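Trainee: Here's the letter readout for the chains.
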Amino acid sequence: MSLVAESLTLAYRGREVLRDVSLRIAPGEFVAIVGPNASGKSTLMRAVGRAHRPQIGRVTLDGDDLYRLPRREVARRLAFLPQLTETDVDLTVEELAWRGRLPHQRVLRPATAHDAQVVEGALRATDSWELRARPLGALSGGERQRAWIALALAQEPRVLLLDEPTTFLDLRHQLEVMETLAALRADGLSVVCVLHDLALGARYADRLVGIARGGIAFDGPPEQVLEAGLLSDVFGLPMDVLTEPTTGRLVPVPR
Amino acid sequence: MTLFARRWTGWLALLLAGGLLLAAACDDDDSDATPDAAGDAESAAAADYPRDVVDLLGRTVTIEAQPQRIVALSPTAVEFVYAAGGTVVGRSSSVTFPAAAAAATDIGTAYQPSMEAILALEPDLVVADSIIHAQPQLRDLIEGLPGAVVFAGADGYDDVLTGLTMMGEALDTAETAASRIAEIETALAEARAALAGVEVTAVVLIADRDQTLYAAKRSSWAGDLLDRLDVTNPAAEQPDAGPFPGYTAVAPEILIQFDPPVILTITPAPEPAPRLSTIVPQIPPFAGLAAVRSGRVIEMDLELLLQAPGPRVDEALAELARVLGAG
Amino acid sequence: MSAPGPPGAQLAAGAAASARSWSAERRRRVARAAALAAAALAVLGVASITLGSVTLGVGEALGGLVSRDESFARTVVWEIRVPRYMDALLVGAALGVAGSLLQAVTRNPLADPTVMGISGAAGLATTFALVLWPAASTWGLVGAATAGGLLGAGAILAIAWHGAVSPIRLTLAGVALSAFFGAGIVGLLASSRTFLELSLGFLAGGLYGSEWRELRVVAPLVLPGLAGAYLLSGRLNALELGDEVATGLGVAPDRTRLLALGLAGVLTGAAVAVAGLVSFVGLVSPHLARFAVGSDQRYRLVTSAVIGALLVGSADLVGRLVIRPAEIPMGIFTAAVGAPFLLYLLRYRA
Numbered sequence: 001m002s003l004v005a006e007s008l009t010l011a012y013r014g015r016e017v018l019r020d021v022s023l024r025i026a027p028g029e030f031v032a033i034v035g036p037n038a039s040g041k042s043t044l045m046r047a048v049g050r051a052h053r054p055q056i057g058r059v060t061l062d063g064d065d066l067y068r069l070p071r072r073e074v075a076r077r078l079a080f081l082p083q084l085t086e087t088d089v090d091l092t093v094e095e096l097a098w099r100g101r102l103p104h105q106r107v108l109r110p111a112t113a114h115d116a117q118v119v120e121g122a123l124r125a126t127d128s129w130e131l132r133a134r135p136l137g138a139l140s141g142g143e144r145q146r147a148w149i150a151l152a153l154a155q156e157p158r159v160l161l162l163d164e165p166t167t168f169l170d171l172r173h174q175l176e177v178m179e180t181l182a183a184l185r186a187d188g189l190s191v192v193c194v195l196h197d198l199a200l201g202a203r204y205a206d207r208l209v210g211i212a213r214g215g216i217a218f219d220g221p222p223e224q225v226l227e228a229g230l231l232s233d234v235f236g237l238p239m240d241v242l243t244e245p246t247t248g249r250l251v252p253v254p255r
Numbered sequence: 001m002t003l004f005a006r007r008w009t010g011w012l013a014l015l016l017a018g019g020l021l022l023a024a025a026c027d028d029d030d031s032d033a034t035p036d037a038a039g040d041a042e043s044a045a046a047a048d049y050p051r052d053v054v055d056l057l058g059r060t061v062t063i064e065a066q067p068q069r070i071v072a073l074s075p076t077a078v079e080f081v082y083a084a085g086g087t088v089v090g091r092s093s094s095v096t097f098p099a100a101a102a103a104a105t106d107i108g109t110a111y112q113p114s115m116e117a118i119l120a121l122e123p124d125l126v127v128a129d130s131i132i133h134a135q136p137q138l139r140d141l142i143e144g145l146p147g148a149v150v151f152a153g154a155d156g157y158d159d160v161l162t163g164l165t166m167m168g169e170a171l172d173t174a175e176t177a178a179s180r181i182a183e184i185e186t187a188l189a190e191a192r193a194a195l196a197g198v199e200v201t202a203v204v205l206i207a208d209r210d211q212t213l214y215a216a217k218r219s220s221w222a223g224d225l226l227d228r229l230d231v232t233n234p235a236a237e238q239p240d241a242g243p244f245p246g247y248t249a250v251a252p253e254i255l256i257q258f259d260p261p262v263i264l265t266i267t268p269a270p271e272p273a274p275r276l277s278t279i280v281p282q283i284p285p286f287a288g289l290a291a292v293r294s295g296r297v298i299e300m301d302l303e304l305l306l307q308a309p310g311p312r313v314d315e316a317l318a319e320l321a322r323v324l325g326a327g
Numbered sequence: 001m002s003a004p005g006p007p008g009a010q011l012a013a014g015a016a017a018s019a020r021s022w023s024a025e026r027r028r029r030v031a032r033a034a035a036l037a038a039a040a041l042a043v044l045g046v047a048s049i050t051l052g053s054v055t056l057g058v059g060e061a062l063g064g065l066v067s068r069d070e071s072f073a074r075t076v077v078w079e080i081r082v083p084r085y086m087d088a089l090l091v092g093a094a095l096g097v098a099g100s101l102l103q104a105v106t107r108n109p110l111a112d113p114t115v116m117g118i119s120g121a122a123g124l125a126t127t128f129a130l131v132l133w134p135a136a137s138t139w140g141l142v143g144a145a146t147a148g149g150l151l152g153a154g155a156i157l158a159i160a161w162h163g164a165v166s167p168i169r170l171t172l173a174g175v176a177l178s179a180f181f182g183a184g185i186v187g188l189l190a191s192s193r194t195f196l197e198l199s200l201g202f203l204a205g206g207l208y209g210s211e212w213r214e215l216r217v218v219a220p221l222v223l224p225g226l227a228g229a230y231l232l233s234g235r236l237n238a239l240e241l242g243d244e245v246a247t248g249l250g251v252a253p254d255r256t257r258l259l260a261l262g263l264a265g266v267l268t269g270a271a272v273a274v275a276g277l278v279s280f281v282g283l284v285s286p287h288l289a290r291f292a293v294g295s296d297q298r299y300r301l302v303t304s305a306v307i308g309a310l311l312v313g314s315a316d317l318v319g320r321l322v323i324r325p326a327e328i329p330m331g332i333f334t335a336a337v338g339a340p341f342l343l344y345l346l347r348y349r350a
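Chains as they are written, first to last, in our numbering: chain B, 1 to 255; chain E, 1 to 327; chain Y, 1 to 350.
For the record, the hints were derived by calculation from the structure and aren't laboratory data. Here the structure is a predicted model, which means the values were calculated and not measured. From the three backbone atoms N, C-alpha and C, an ideal C-beta is built for every residue, glycine too.
Sample of chain Y residues at the chain E side, in silico, Cβ under 8 Å: (1) Gly-52; (2) Pro-134; (3) Gly-209; (4) Pro-325.
Calculated from the model, a selection of chain B residues having no Cβ within reach of chain Y, i.e. all distances over 12 Å: (5) Glu-16; (6) Thr-167; (7) Phe-168; (8) Glu-227; (9) Ser-232; (10) Phe-235; (11) Pro-238.
Cβ-to-Cβ under 7 Å is the rule here; a few derived chain Y residues that face chain B: (12) Ser-23; (13) Leu-231; (14) Gly-234; (15) Leu-241; (16) Glu-244; (17) Thr-247; (18) Leu-249; (19) Gly-250.
With the sequences and hints as input, model every part of the structure.
Mentor: This is how it looks when you write it as structure tokens:
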């Protein structure tokens, strides 16, 4: 039991978005949250990332109420990478990753060799080590996204939350980022990401959580939940689930 | 932001120009022979020191011994020292009168005298300006100097006499000061006699960078001199307006309403900047003014009437009597 | 998988070794930068107590610094030049740090106390105090300027507040207020009885007449302000990444902005009380600092303070020398020295 959301009711600008939603994320699990636009999947992500206090219900991290823990303490255990709109951050990849050490540092205790070690680890884990001296502005979209993931990893979190990490990326870079995330769970890190691309989630995630009509429509491994009728209902359009001939993977497609 | 910066630069330029101008304008008249204080004073009874004098700010100052090394911090202060028969070893940058003072060491502008340059001269008397240096921050700084500090300056005719008497006591040259005072009183009497029986109405105008006009009120140096000569000054009792002490902003319609037969102008900007006396007649609404039609818009000396009020008041009065009586 | 470890824990031995050498390298760099800063401040200090409208020999000046007898050199050094140098350092450090805080808070590299109207607010308050209360004590003037700086920061915040503090709204509110306060100052000076000539040093930014008395009032405001800013520096690092990321890093964005603006208000107010309206130091110091030590605010803020101090100190020295014994307000030279340097860096070092 790592990150647990219990019966959350969430409102956005005074309007109820989700009602009575529960979710648990186990250590080392890769979970993708999917659903149509404005279904509340980002709101749910923000709620479990301590960025959106629920009206009702609570979120616990290793048993501690997330919204009662000090911010810094949460930041040491959980990294939440919002959807990236800040494109004008004028830093190098390495400088960005170093900022992830902030929750672990005290003003009068300067950076230690351990910090440097963690940052290097985070850069290597995201294939950003070779890019570390490059300014963010000089990177491709995928490289930049990996640099931001390195920032989150430098927090040494046990849970990594990402909101739409593949938006604005071309197909190759989408796959790169997903490969990176999938590899991280090998270290025992729980990874939760909101995806608007159901096929990407189906390909990489251990579990798919579908959000629709103010609640959870499905929650389970891809092979259980990828079912044409259910998907058609959730996304509001007729869908099919095909089996890829070479790998046997299930691929959801609009009919 | 740019507009803002420009405005500031404008002020700055105005202020710098004002400072520089003090240096530029000076009367060549050297008739005012200055006796040597030291020689003159040795003969007098030096035993009178220490003595107390009351300066123009009303402070009682103890002078320990006859001052030998005097530093004066403004053109007016320098003129007071020389008029009372003294000499200075240090003076503010813009001083050009009397010529002997120009040879003394420069201690910086009157508005920002350099304390270390003053200290280096080891003065036994510092003469500050009771108008310029009355501002508290500057006054504190000057009063903090070691040795005696007196403030002398002139906002009007009476201040000159008071200042001269005070300087005479401080330097133990009371006789020199008294004879200077007598000359001044004679000059006033002559000037009044020259204008006796003539009904004169005049305003004194200055202008800022934007050609906004300001007229001397009775509380200004020039206004006080007009008053001494019984000249009618329509701006004498105007309310305060504008940044120049003793002067009030006059809108064009007010000047037209005054319609004085004589307009005296003072131009702080150095040549070749056009004189205000040539500018005023060219301003269309002023074409019908009596002074413009009769050609009696007259440029006056900058130092005598604006920037170095002090012992040369006799020259200022004579000059006023000359131009005002000429009609 | 009982205790999931951080990804970094899986580092190879080589990475640990490189981390150790990184640590040593970092210590070396910090030591080198500190030594350089100390040397520059010392050289400028010696020049500042040696040169002036009266030139002392270096030996004479240093003698005046250490001797106890009442010599001319001692009076000039201790009563005039040392307090003036210290004032310059405090003003420069305060403006450099205030500029850094404002640039971080607004995420706008063009923000500084002048652009954001905080200098203007402090200046307006000082002008009011001088006009309404000409005999104001040093305490009164410093109090007025600091209160003005804080009120200016508060006004910007109040106007920009919109449920939360958005950087762009902050900048816009600051720019608008800056114009407003500037108009107020010029208007007040233009309509007041005070001597225009005396406003010169104030409007252009000058240190004429610095004394220990002033320093004793201002230092207790500036030094804690600088320390406070340093304590915020880590949070400013997070803020640079955007509010949501900052939140994810355990930093409360609005609270941080509030504190930073308040500190910028106090620091700017104190600087204005001492030196009047000095432009450009707050703008250029953070950029020069970034070129020198990189983007980490924990180093950059300190460096910006040192660079601001050096900038104001050297500008004041030049201003005292060029037309001695008269002087030119140092605010004119801070721009003259800082602007070409920044342009050079932008053109050739970026």
